[in-house]
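Take each chain as given, in its own frame, and dock them per the hints.
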Amino acid sequence: MKKIIIVLTVVIFYLPHLSIAQERQITGTVTDEKNTPLPLVSVIEKGTKNGTTTNANGAFTINATATNPVLIFSYTGMQPQELKIGNSDNYNISLSSRGQLSEVIVTALGIRRQKKELGYSTEEVKTAEIIQSHQTNIVNALQGRTTGLQINSGGGAPGQGARIVMRGITSLDPGRPFQPLFIVDGLPIDNNTDVTTGEINGMTNRAADINPDDIESVTILKGGAATALYGSRASTGAIIITTKTGKAGRFRISVTSTYGREKVNKFPEVQKRFTQGFGNEYDSTSFWPSWGPTVEEARVSDPSHPASLYNNYERGYGKGNFFRNTINLSGGTDRATFGASLSQNKHDGVLPFSDFKSYSIKVNGEVKLSDKFRMGASANYINSGGNRKNADRYNEQLSYWAPRWDVMDYKKADGTMNVYGPENDNPVFIANGRNLIDDVNRVIGNVNFMYTPFEWLTFTYRAGADVISDARSETAPGPTGKPDELYPASDFGNYDPERVLGGFIEEYRNNRRILNSTAILSITKDFTKNLTSTLRLGHDIYDTKERSVYVLGDTLSDPTFFNLNNARKVTGSNRKNVYRIIGGFADLTLGWKQILFLNLTGRNDWTSTLPENNRSFFYPSASISYILSEHFKLPGWLSYTKLRASIAKIGKDAPPYAFSTGFIPLNPQFQGGLTLSNRSGDPDLRPEFTTSIEGGGEFRFINNRLGLDFTYYHNTSKDLIIPVSVTSSSGLGEVYLNAGSIRNKGIELSLTGIPVQTKDFNWNTRINFTSNDNKVLSIYPGLTEVVIANQFGYLSSGVTQKFIPGMPVGALFGRSFARYYGSDKEDPTFIDLNRPMLIGTNGFPIINTRQMFLGSSDPDWLGSFYNEFHYKQFGLSFLFDTQQGIEKYNQLSNFMAAFGISPTTTNRREVTTFQGVLADGQPNTKPVYLGQGVGPDGVSYGNGYYRNIYRGVSENFIEDASFVKLRTVSISYNLPTGILEKTKVITGASISITGNNLWLKTKYTGFDPESSSSSSGSIADGFAGFTYPSTRSYMISLNLSF
Amino acid sequence: MKKYSVIIFLLFVLVNSSCKKYLDVNNDPNLVYNPPINSLLVNSTYQTGFNVYRLGNITSYYVQYLASPNSGSDRDTYKEEDLSVTWSAFYDVMTDIKEMMKLAAARGDNASEHMGVAKILLAWNLNMLINSFGDVPYSQALLGKDFLTPTFDNQQALHDTTLRLIDEAITELNKPTPLIRLDGSSDQIHHGDISAWLKTAYALKARFLNQLSKTDSYNAITILSALSNAYTSSDDNATLTTFQGNSPWNQVARNNVNLLLDGWLSEQFVDALNGVTYGVADPRIPLITNLTDEDIYKGTPNGQGRSGTGTNNEESVLTTSGFYSNSGAMLWLITFAEMKFIEAEAAFRNDDKTTAYAAYLEGINAHMEMLGVADTDRDTYVALATVSVGEAALTLDLIFKEKYVAMFLHPEAWTDARRYDYMYKDFTLPVNAALTSFIRRSPYPVIETSRNGANVPAVILTTPLWWDQ
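Going down the list, the protein sequences come from chains A and B. Read the first sequence against the working numbering and you will find it ends at 1042, with the numbers running on by one and no gaps. Read the second sequence against the working numbering and you will find it ends at 10469, with the numbers running on by one and no gaps.
In isolation and in its complexed conformation, chain B is listed as follows (with noise of 0.2 Å):
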């Protein structure tokens, strides 16, 4: 009898060993677990890019560059529109970014490159996110199943975080040249040029720097020494040139000639530079859209929507051979013009009308010329009485109202939009607006309030974030 126990029990025993490594089939053979460091870089670089174009695509509702052809649309009006999609898709990239950083903080200073890129990755999503929304998840964000519902930081504390983990990248980019290199292909941005970078980590600080133009901590100087060491031409210009699908702002067009409606322009841009606005006609308008049927061009008020079918050439959209929708169409994240603008407002803040003026010039001059506005009517255009004021007559509200058209679908331009209290000529409320004053920020979207809903701040969309008092 105890032979044939100890048999039953060596069978199973081995039975029992063999189990488990028969069992052992659960890792799953569709994943990558050690992923080259370069290719976390793509998407990265891509989303973060993307991310510029996602939001603009909300803020030129706010800020009256694009109106929606549909009477009463959320956006348009105000109401409380569900932006999962978008507030998704930068926590989707910040993911990846603090994997990316996870593997070049395992390789101490042999990948101090990609850990200097993901921190200005990093700060360059944060800041575009609470300067629309406030206050959002960071210390416990991104931190998988420990925190599926993470709590809500402070702004101003997350908006310091931004600054810090831009001289974070700075004093990473500085270091020696390490082993491990950013790879050209797979940076959809810079495309491996770590020189570039450091400028856009200084641009994106001067750019950081002047959000806080209503507040105290204000720091003129500081812009200014920022901008020193960003950008020298429009040469610099931060973009993304190569697309999974079509340029987005070409899909728009698209789309519109398709008729799934979409890209149309508001009235309120359109007459800034039709000449009802400034009595001017801007250059740059028919590089931008189409004359309508009528050979003029025509916005549409926001809130309002279409006149007639939509279909018939009435106004002026984003065409699809438009500077910023046609089909090679780059995706501008940020521009030397930009730089000039801020550095414009810094200096006149500072008092130093002549950098100011000087500086105001060169923006719209680069602007034009990334255009491509023939130089005889770029010259035309700023030798006008109304734009070459003189030094002495230099005001704030001319510098806004150069650099409103300059950042013509970008997402700061809302935020210059705040921080003026829309004051351009002729800015009204939209039609049938669900609020009273013009929109301060934007709501929480439904993936937050559903799944998180006891951290979600209350708010509505009248209360000004921490910098726009």
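Isolated chain A (complex conformation) (with noise of 0.2 Å):
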């Protein structure tokens, strides 16, 4: 390094000797101010179309031609700097340190607030983070990142769905939306997770079709007073994209290719010494998987029976792959700029059969006509789609399939199923041949400009579109008619009585657009010099539009041939949605000196969705920021403090078509007939609020080498729309009623620090903490719960999640074992576990029937561990995250004590003494036999203690699925200035090694307890037993700019 200086040095000596061309070459790296190196730092020669951007190290270089050249450092976030260039040719640049004070933050509605000036908690991600993880999916790449927000992807599904909450469920409406709203580029788009046909087959939450790669930043706004301009839709938070435009100074390119394995994560035990039958008999051909006798005994009569059994789940699943590349371009001069992508991604998931693909381009440009007026679009086109397998009845077949026999051995040689016994179906198989596949296309495109006539007075419009069209198929064949053909009805469709002919085909279409309209008058004013003053005046307009069909063909008469036209029996339906909602806001900032500022918002909403007289609804909110730092002088350790509070009131409008009564077709079609449709709703609804307290302060020390951010927030939801359901003697089913109550409390908490900064080293470290408390206050009057969902679970020990009054909001319920009181009253809801168990006269434990509160899904925390370590040109992060205090009722562990799998049967043979009391309140002392058939008191046991009674107590199946994980670590290393300049072309690279969901520690006995049996769409969460498995991922990734 040291010689090429001295070279330069002196030939730049002899440079200005020379008369012919003027230009100089100036070069240097720009950081921030804890030294990391900043790329994409736009670097103008001042007054020409000179320009450049640093490179991934941070360094530039650029041909001054002016005399006295003037560069322009300009950079998201910082204060941008002028540098007059003088002797010297290289300078190291640093970018506008004093911590936060002049950090710009984009808030509501894309407008760049500077931090300092919030009065409420906003939080940031940039772009070096969020593709840190690599994932394809931005929600998943939000993951352990801020407070605040949790997140749980439902699997490791190509394509799945990842489900995210803000601060808590603000709904007692399982079927509303309860996300953050996504704005990207300022235009609200769909996150919809789209699960009409079928819950359980992974299907994406929509915002996924963001790519990660073209994101600059990401604002979180948590609700309340941040998102209070943005009306109802935000209630639940926001979450605020901008994506990358181009930038001024010479074209560049940046390609990204990143190429990854996967493979489960973790798998269920199970018992491996009892193989296939029933009642200890052994039996080849029987449905049942286990419970014959040992492996041993087995093999004495059958020779061919292997050594060990198989554990299907392991043997079920395989490796999967993914393979992403993107390319950035982007370019321009001070008056325009383009940008552009594309993008690609593949990825084979561990299902066979299963995988996800898609596509990308992305092109934007913003044009200064002049120095008024300013103009910009862009457009962003996405194709994706996959072929979806049901996660969930895989795991089942995977749990009847008997472990003697290799369940990847599918197919014949005559390419029919291969399978056992005629009472099962081989799981592989109908994988192979029931195929769900999507293809969306999608459009996101705005246009937006802003006039700027006088200093003080800016007008800016924009106005988008998020077109969406979602063709979906899913297809199984009819069975093929070839002798000993074992056809696997049940998940082909429908057969004729004669089972000769199967199949089906389902096609549906879904077509939804949102097109939105604002436009903000913004005035500026300063009072005095020290009071100044921003108004700002807005009008908004968000239009939405769906249309749906749906055709089933039934029973295919050409087995293979998928077209409605070869189906017996077709019939469909379909769907029509609209929803508008206008707005008009005003939002006054006052501040003071920059030290206090004061914040006041009002929004009006007229929607569509309420009776005409309650159509209208008022909203406003206050909030007050106090650099304390800058007012006072405080001790030299503490470099900045600010404090701040708001209070915010957001209204919430009915879902569409909530008070409509009507007649709907019979389902099935039937003869023409019609029946009263049995929703309705109350004509006189009202809108909901939601209000939001919060306070909070932003402190830093030992100049700004240490960080603590806090928070405390309150909000309660009030006179919530719920759909009540009701007696059937009412008439009707649901009634959406303003009814009930929810209160969500808690504290977020971030520490950041630079432990260690030097020139060659530095290592930041991040903590995280979240705890909120999630509480239904009421409900309507009468009303003693609202269900969420439930999981079936066999002899009735099925589990329910419902909302209950005084409950937390994930709140389980089933069956389970009964305890002796005594004289004590029981409480109905809570179980004593200090209780002694209720055995019956048998000497087996007794079932309590009535739902009793269980667990809860609702975590009691939220935290994550974040660190990251630069030396020279290698960079190491990784990043845990945890989620505690969650219950979840495990489905498969239920099915799998059902059929003798799990190992808590190992025991099925022995004599045991149930521990507890007779109803007499005596200590139990008779000895049972766990097993089948006679036991060896010569008693008979019938199906054995699992089936007649363990699978019947949903209390055994409720688990605890709290967990730690390591979620990413990354090991990167830029190539460095010097060989980069060596390839005059390449400006930087870099190459980085990244693991994902690597150790997992919880004590969940069955998948990855983070992954869901509902959608990523879905409030419901406590339900985790048959999902598609989480997955532990190693990637390679490579970036060139040139």
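Hints may contain errors.
[Claimed, not checked] Computed footprint of chain B on chain A; a stretch qualifies when at least three of its residues, placed anywhere within it, have a C-beta under 8 Å from a C-beta of chain B:
#1 672 to 680
#2 717 to 729
#3 776 to 785
[Stated by the list, open to error] Just so you have them, the derived chain A footprint on chain B, three or more residues with Cβ under 8 Å:
#4 10033 to 10041
#5 10148 to 10158
Rather than coming from a laboratory, the hints here were simulated on the basis of the structure. Computed from a predicted model, the values in this text were never measured in an experiment. Ideal placement from N, C-alpha and C gives every residue a C-beta, glycine not left out.
Next comes the structure, spelled out in structure tokens:
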């Protein structure tokens, strides 16, 4: 390095004596106040079209043409700097220190505000952290990066949706969207997960269409005052995504390629002692996978029996792989810039035959027509979809499959299903034959302009559209008719009485679009030198329309011709949906001496979903921010203190068509009959309101080396619009009423630090802690509960997730072992676990059929621990993430117990005496045999304890689903600038190796407890049995910039 | 300035009114608001008929026509089972029937056929409900948002209501032919035949009046009078022939074949026909069920469950070829055979043994013909001394014994059993019964106890209904 500088210095010394070109080559590096090199900083020679950007090492080279060149350095979130070039040709620039004070953050409606002005909590996630884990779904990429968000990936399916909740659930209607609003470049986009074709297929949440490689920054607005300007749709918070735009300077290309492999990270344990059959009798064609004799005993009668049994779950999943490429282009001058990106993604999943592909093209441009007028446009086209498998059914059938046989041997030589007996089906064969393929075409586009006729007056307008066309096709073939064919009739569709035909084809089309228009007038006025003000007035229209068609062709004549013409019976339905909301808002910010800021907002919405006289509703907010450290002289180690408080009210409207009553065709259609729809609503429905109070502070210590962000919030949502399930004798099923309230209160803590900061090495660390207390306060008078969802369990041991006043949101209910209370009163809801079990006269425990509280899926707290190290060209980072205090229903273990697969059932040949007391309070002394058939005492035990009793007790299957995960470890290496310069073309190159979901610590006995049986769009999150297993992945990623 | 404020005001007004129209898009386009009256007839008739199956699938376990393949099943052993699905099916169809009545009322005498049929269907459903549950919501029921928690009406008053509705229906159907006719393809029971509906009205009236056999208001004369206007042959039977899916008992038989075990015959019923109980082999049994692999007809004792694995033909079940459960099987809602047995009972209680005996024999014959028993087998059976006992030796026991067979799978059989105090020969409590005496009523469903709990009467399942004292 030194040599080069000497040579350059000598050359440059002589340069002014050359009278040819006046060009000077200026080089340098740009860093931030932490000495971290800043890539993509715009470097422009003032007054010219000359410009460039810094590379991954923060280095730049520019050929200055002016005599006394001045360079302008600018970067989002930093104060721009001008640099007069002197005699030196090499400069090291540090951009805008002094911590948070001049940090600019993107807030509601794309308005960039100084973070110090904000009286509410916001967090920003920069692009470096977003792409670090190389997740394709932006929601997953945010895991563990901020406080206040609970993010759970539904499972490891390619394109699987991820569920995101901000500061708890605020709605009592299981059908309403509860996630934060996703805004991309100022336009709200659709983040639905459409499960019309079936719940358990891992369908994608639509925000996943946004390519994380296109994202420049993500701002999290946590509701209340932060989102008041967005109105009702953001009552659950907003995630503001700003995508990369073109940068002035020479034409730049950046290419990123990622390749990775994955496998399932956790399998349930199975017993390997007992084999196929029932009642301890071996039968190699038996329906029963594991109630037979021991393996040794079976091998006596069947020498072909393998020496050890398979773990079907391990056997049924393979290795997945994925390959992703993105090209980013940008260029422009200080008057016009453009950017473009192309990307491709392919992912083959661990469940055989499942995959996901996507392609995306994005272009954007901005033109400065004059000093007063600027306009821009962008368009993003995405095509995505995959072959989705029903993991719930796959895992269920892996449970029925006898571990004596290899499930991967799924096809006979003639191509038909290979299975050992007529009463079972091979799940791999079914996964191969039954295909649900979705193909989504989506365009997100917007145009915007900004007109500043006077310095104090700005008019901004933005209009955008998000248009989605989702085409899905699900097919399964009919029987081939070959001799001895075993045909999986229950999965491949209905079959006619003679079992000769089968198969089906299902087509679903959903087209929806969002149109959005936002106009803002912004007026700034400085009343005095110390008192500044900004007033913003705005108008907002949000218009959505949706049409869907569903057709089912049942029973195919030609077994593999998947066309509706080929189906014996065709039935269909369609749906339309329209929703519109108009808003008008005002936002006033007053600032005093840059120390104290007061922000007041007010918004009025007019919605299409409430009755005319209640259609308009108004809600205000107020927030205050006080920079204590600017006002008073604080001790040296306290470099920055900001205190903030806010109070806000947000209104929310009803779902569309809530109070329409009419008739619907019978389903299935029958003789043209109609029936009264049993859904109705209060014709005087009012909006619901959430009042949120928030307070907190931001502190920086020891010259910004240590930071603490703290927030406390208390949100109460009232007059909630609930579909109250009423009794059928009222003639209705559900009525939308204003009833009920929910409270969320909690704290968010973020501790950041830079323990080491030297020229070559620095270490950043961050600890996040979130605790949210989510409680149902009340529901409709006379109504005791609202059912969210339930999931089957044998012998009526199904578990239900309910909203019940006084209980946490994720409350789970089911059957339990009866306890002995003697003369004491038994609580109707909570089991007293200290009481002895109640044992019957037959020596076995008694089942309490009353639905009791068994646990809650609402977490007690969330936390994450993040570390980032940089040493010269190397970088290392790792992220731990934990969610604690979660209970879920493990349906897989219920089935495993019923079928003798669970290790719990290994003791089936033992005699035991259950600990507990009889109905009279006397201790139980009766020994009983846990197995099937006749026990050693000569008594017939029938189907055995596990089938008669154990599997019918939900309590046995509610498990602790808390976890600690090592989410991401990433090692990266940036090629040094010296080597790069030798290539002349490449301005940046880096390689990284990343591992995701590397380590898991949990008590849960099934697959990864984070995965869910419910879709990413469902409030229900208490069920995690048969899910698409989560995966551990390793990938290598290469980035080149030109 | 004034000019500007006027312009602004006008703009404001313009924007406001177009805003209103722009936002007036909240009428669900996926609903029908003015249905044709015949489109409501479809579901009203179909679900009423299907409710006979739904209820029959419960009561058949109480009267031991069917037994569960699982030992200790709730329904077999009189445990508190949740019947919300069946309960809701009754109220759902009554909602549609009431909507049809609203449409008919709006058209006055121009829709008297629809009004008449609606009242018959309403009475029919209500009668089935009260005879299973006792007090049920009615006067405050089906009123939507105004009564989300309806009170429960007295069962005796509701029984009078069912009779009143039948009488009103008869009046409506006797009016001159109206402008709006019943549509044959929409009417799932009688396909638009008004005279058939009239006969059915009288048939139901006879059935309802016969339910009062234990009360003081039992009047054999009115029953016989109603019967004279009811069915005259099995051709008048009220049936469902077309279904949305498979014929329901056929679906039960198919489920059983697919190892979703269902439709197993009870030992009580099988033994009544295979000679074990009465020493006589009834020629109807081969037409209903299968021989086991031991070449006998073997039922399962209620509450005991299967003796083997349940998949090896060790017991008699509803088969896919049986009369009640084959793929083309009709669902019998009201039969001529039932009418005959009502006649036999009413005449007997009226000391008219001649009419009673003739009706008794005709009932047996009618049922046998319905099943397709060969004439010779039918005549042999009827000629038996234990069957053709002669007028003088006719007893109520014999009438109930034969009616038990003729009412196989029908929910009215439970009303008969309770009126007869379950005194069928060898009829015992199920194994491990949760009650110490025979079941007298069904438990109120969880949908009521959890969503309308304050109004649900507290009952135990041995508390008899008002007519069952």
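Hint check:
Here's how the stretch 672 to 680 of chain A fares: 8 of its residues keep a CB closer than 8 Å to some CB of chain B, so the rule of at least three is met and the hint holds. With a cut-off of 8 Å between beta carbons, the stretch 717 to 729 of chain A has 6 residues touching chain B; three or more are needed, and the interface restraint holds. With a cut-off of 8 Å between beta carbons, the stretch 776 to 785 of chain A has 4 residues touching chain B; three or more are needed, and the interface restraint holds. With 5 residues having a beta carbon nearer than 8 Å to a beta carbon of chain A, the stretch 10033 to 10041 of chain B meets the requirement of three or more and the stated coverage holds.
Against chain A, the stretch 10148 to 10158 of chain B contributes 3 residues with a C-beta closer than 8 Å to a partner C-beta. That satisfies the three-residue criterion, and the hint holds.
Consistency note: the structure conflicts with none of the earlier hints.
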